[in-house]
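Protein chains in written order, with our numbering: chain A, 1 to 333; chain B, 1 to 287.
Treat the hints as calculated values from the structure; they're not laboratory data.
Keep in mind that the hints are not guaranteed to be accurate.
Claimed, not checked - Calculated Cβ distances over 10 Å to all of chain B for the following chain A residues:
#	residue
1	V142
2	L227
3	E328
Stated by the list, open to error - Derived DEER-like restraints, expressed as beta-carbon distance ranges:
#	chain 1	residue 1	chain 2	residue 2	range
4	B	D158	A	V294	35 to 43 Å
5	A	I268	B	I271	42 to 50 Å
6	B	N115	A	V142	17 to 25 Å
What the hints assert, rightly or not - Covered stretches of chain B (chain A as the covering partner; in silico rule of three or more C-beta atoms under 8 Å from a C-beta of chain A):
#	segment
7	77 to 85
8	105 to 118
9	216 to 228
10	255 to 263
Just so it is clear, CB atoms sit at the ideal spot from N, CA and C, and this is done for glycine as well.
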Amino acid sequence: MKKQTGKMTTVRWISLAVAVVLLVSLPFWGGDYIVNIFTLILMYMAIGEMWNLLAGYAGLVSLGAQAFIGLGGYSLAMISQVFKLPFLLGFLLAAVISVLFALIISVPIFSMKDVYFTIGTWLVAEAVCVFFQSWAFVNFNVGYNITVARRLSGTAMYFIAFGVGLIALVAVVIILRSKFGLGLMAMRDNEAASEIRGVKLYRSKLICFLVSSAITGIAGAALYLNLSYIKPTVGFGIDWTVSMVFIAVIGGMGTIEGPIIGAIIFVILRQLLYNFSGFSMLILGIIAVVMILVAPKGIMGLINKKKGFDLFGVKRTVDISIFKEDAETAAAK
Amino acid sequence: MLQAIITGLLMGGLYALIGVGLSLIFGIVKVTNIAHGDLMIVSTFFIMVIVTKLVNNIYLALAITIVIMAIIGFLIQKFLINTVIDQGAETAMLVMFGLSIAIQNALTLIFGAGNNALPSPVKGTNFIKSDLVSISGQYAVNFIVAIVLIVGLALIMDKTPLGRSIRAASSDTMAAELMGINTKTMYVWAMAITMAATAVAGLLVGQTYSFFPYTGTQFLIIAFGVVVIGGMGSIFGTLIGGAILGLAQMIAAYLFGTAYQTLAGYIVLLILLTVRPQGLLSKKVRK
Numbered sequence: 001m002k003k004q005t006g007k008m009t010t011v012r013w014i015s016l017a018v019a020v021v022l023l024v025s026l027p028f029w030g031g032d033y034i035v036n037i038f039t040l041i042l043m044y045m046a047i048g049e050m051w052n053l054l055a056g057y058a059g060l061v062s063l064g065a066q067a068f069i070g071l072g073g074y075s076l077a078m079i080s081q082v083f084k085l086p087f088l089l090g091f092l093l094a095a096v097i098s099v100l101f102a103l104i105i106s107v108p109i110f111s112m113k114d115v116y117f118t119i120g121t122w123l124v125a126e127a128v129c130v131f132f133q134s135w136a137f138v139n140f141n142v143g144y145n146i147t148v149a150r151r152l153s154g155t156a157m158y159f160i161a162f163g164v165g166l167i168a169l170v171a172v173v174i175i176l177r178s179k180f181g182l183g184l185m186a187m188r189d190n191e192a193a194s195e196i197r198g199v200k201l202y203r204s205k206l207i208c209f210l211v212s213s214a215i216t217g218i219a220g221a222a223l224y225l226n227l228s229y230i231k232p233t234v235g236f237g238i239d240w241t242v243s244m245v246f247i248a249v250i251g252g253m254g255t256i257e258g259p260i261i262g263a264i265i266f267v268i269l270r271q272l273l274y275n276f277s278g279f280s281m282l283i284l285g286i287i288a289v290v291m292i293l294v295a296p297k298g299i300m301g302l303i304n305k306k307k308g309f310d311l312f313g314v315k316r317t318v319d320i321s322i323f324k325e326d327a328e329t330a331a332a333k
Numbered sequence: 001m002l003q004a005i006i007t008g009l010l011m012g013g014l015y016a017l018i019g020v021g022l023s024l025i026f027g028i029v030k031v032t033n034i035a036h037g038d039l040m041i042v043s044t045f046f047i048m049v050i051v052t053k054l055v056n057n058i059y060l061a062l063a064i065t066i067v068i069m070a071i072i073g074f075l076i077q078k079f080l081i082n083t084v085i086d087q088g089a090e091t092a093m094l095v096m097f098g099l100s101i102a103i104q105n106a107l108t109l110i111f112g113a114g115n116n117a118l119p120s121p122v123k124g125t126n127f128i129k130s131d132l133v134s135i136s137g138q139y140a141v142n143f144i145v146a147i148v149l150i151v152g153l154a155l156i157m158d159k160t161p162l163g164r165s166i167r168a169a170s171s172d173t174m175a176a177e178l179m180g181i182n183t184k185t186m187y188v189w190a191m192a193i194t195m196a197a198t199a200v201a202g203l204l205v206g207q208t209y210s211f212f213p214y215t216g217t218q219f220l221i222i223a224f225g226v227v228v229i230g231g232m233g234s235i236f237g238t239l240i241g242g243a244i245l246g247l248a249q250m251i252a253a254y255l256f257g258t259a260y261q262t263l264a265g266y267i268v269l270l271i272l273l274t275v276r277p278q279g280l281l282s283k284k285v286r287k
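All chains, please: the whole structure from these sequences, using the hints.
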């Protein structure tokens, strides 16, 4: 029986190439506002994809992803403000610290199942937040101004965001098109059955968790390079995870395209509602609730129901002629 | 040290009352109500508005709020959770997460982000005052009310026909339905009762601490702690969970200073979650 990932057909290559060309050339034809919007979309897409990789594929619903945003942001702040090193090193440090931290906390939180995992991740993030507030090394709860951000042009920031978005997307596509990704999807659909078929549950979940943490950390550094100010209550605030959940839920959990659509909607909605700051989160919350009630698989779920749209070809198709042959030989007997 | 232990235990009573609603809903409906803390703060705000705008009696305000919260619980369970519950516990949890965000921001819009406090007849008084220990009147009241209410809830669940139906619906959905119990209706009742009890917790919290629209999260984490230590779904477990959490916080505050009070709570929780992921007291369920 042949199981194969969807071929990268000409249509797929062309649509991806057009998207890449448009995004790379954006700063040269788009205005400042458009560039800024796309900077945000790309970064939010990255964190949405990472949350989705955990929740939609590995079955790990985390409410503690903000821990890695904060760690990433602080890595950048410490490198550029305290150690006066080139800020790009901050991204490296963000990835390293995030992976190490993820590795350490994976020991306790992976012993927790389902909802306990969710609570555990949240507690970890809250604990880190409280700890940073009373830690002199990171300037208590005052935090840092990230001054290097002010010398950065909008275009440079855009390309950093583009890089982060690209890393996130490429990582997810590579993971899901690989055999490992097939195991992940099997694990999501039926944990027990996939384990019997040889999927190593613990290892698979851990790899997903580490990849997701590393890239969330990098994205956190980029987000704080853009925001240019970090303090514990905001850096480790649950609002980050709220956005990730929103992006994944609206776009469609368990799809790669979902968080892309979700991030576009999220950023645009937030900009539109910018002048009504209190309303924006209220409306986003209501939209998310209604979306789960009406279309639990998100916008991608609606699109997929109409026609099997799959931009990155991560779905496997089975050659059904084999079954027909089997049935015929069985009938002949 | 003795003072820390006694204060910790008394705080534990209130913590248990905050946690008992979360525990009940998890035990019965099998849904983690992430909006639990926010719903409690909603009831606190209701009491505040009613007592300042409508009636001048805090107990009457509480009675009205209990009815309102029971209705809110009814609506939430009937139209939100029951709709998605067949898609799994995680979907329902995300719905409540969305609701939690909506509540926090709606409250901020209406009341602003500032601190509020509820009037209390026993504020500033002391239940016991001596050189050795002193117990504030508010803490004593919290503790007594919490114990009475939790025992009352346990009796409702244990002895009344409604309680028995609710427990039947949660322990074996299919068998309960075959016996003619509408399980989803039972969930609705359970949520309404829980929210009524949460309104009382809301009153005590509002009298003891200052509160603002975002405090819900803080109390949700306390509720999680209580429930995780005591075991999800166990009513009396919340009392023990509350006591352990309160003690851990007060002893840490006594030993390391108040700055570490919250952190100590989290760390105790994480350790307990790691060592006994299913809760300290809950029995292992085999499936």
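Verification of the hints:
1. For V142(A), the requirement that its beta carbon stay farther than 10 Å from each beta carbon of chain B is met, with the minimum near 15 Å.
2. Distance to chain B confirms L227(A) as a non-interface residue, since its nearest Cβ pair spans about 20 Å, more than 10 Å.
3. No beta-carbon of chain B is positioned within 10 Å of the beta-carbon of E328(A); the least distance is around 39 Å.
4. The beta-carbon spacing between D158(B) and V294(A), approximately 39 Å, falls within the hinted interval of 35 to 43 Å.
5. At roughly 44 Å, the beta-carbon separation of I268(A) and I271(B) lies within the given 42 to 50 Å, and the hint holds.
6. Judged by the Cβ atoms, the range 17 to 25 Å given for N115(B) and V142(A) holds: they are separated by roughly 21 Å.
7. Only residues whose beta carbon comes within less than 8 Å of a beta carbon in chain A count, and the segment 77 to 85 of chain B has 3; three or more means the coverage holds.
8. Closer than 8 Å: that is the beta-carbon criterion, and the segment 105 to 118 of chain B has 4 residues meeting it against chain A, so the requirement of 3 holds.
9. Counting residues of the segment 216 to 228 of chain B whose CB lies closer than 8 Å to any CB of chain A gives 4, which reaches the minimum of 3, so the coverage claim holds.
10. Check on the segment 255 to 263 of chain B: 4 of its residues sit with their Cβ under 8 Å from a Cβ of chain A, so the three-residue criterion for coverage holds.
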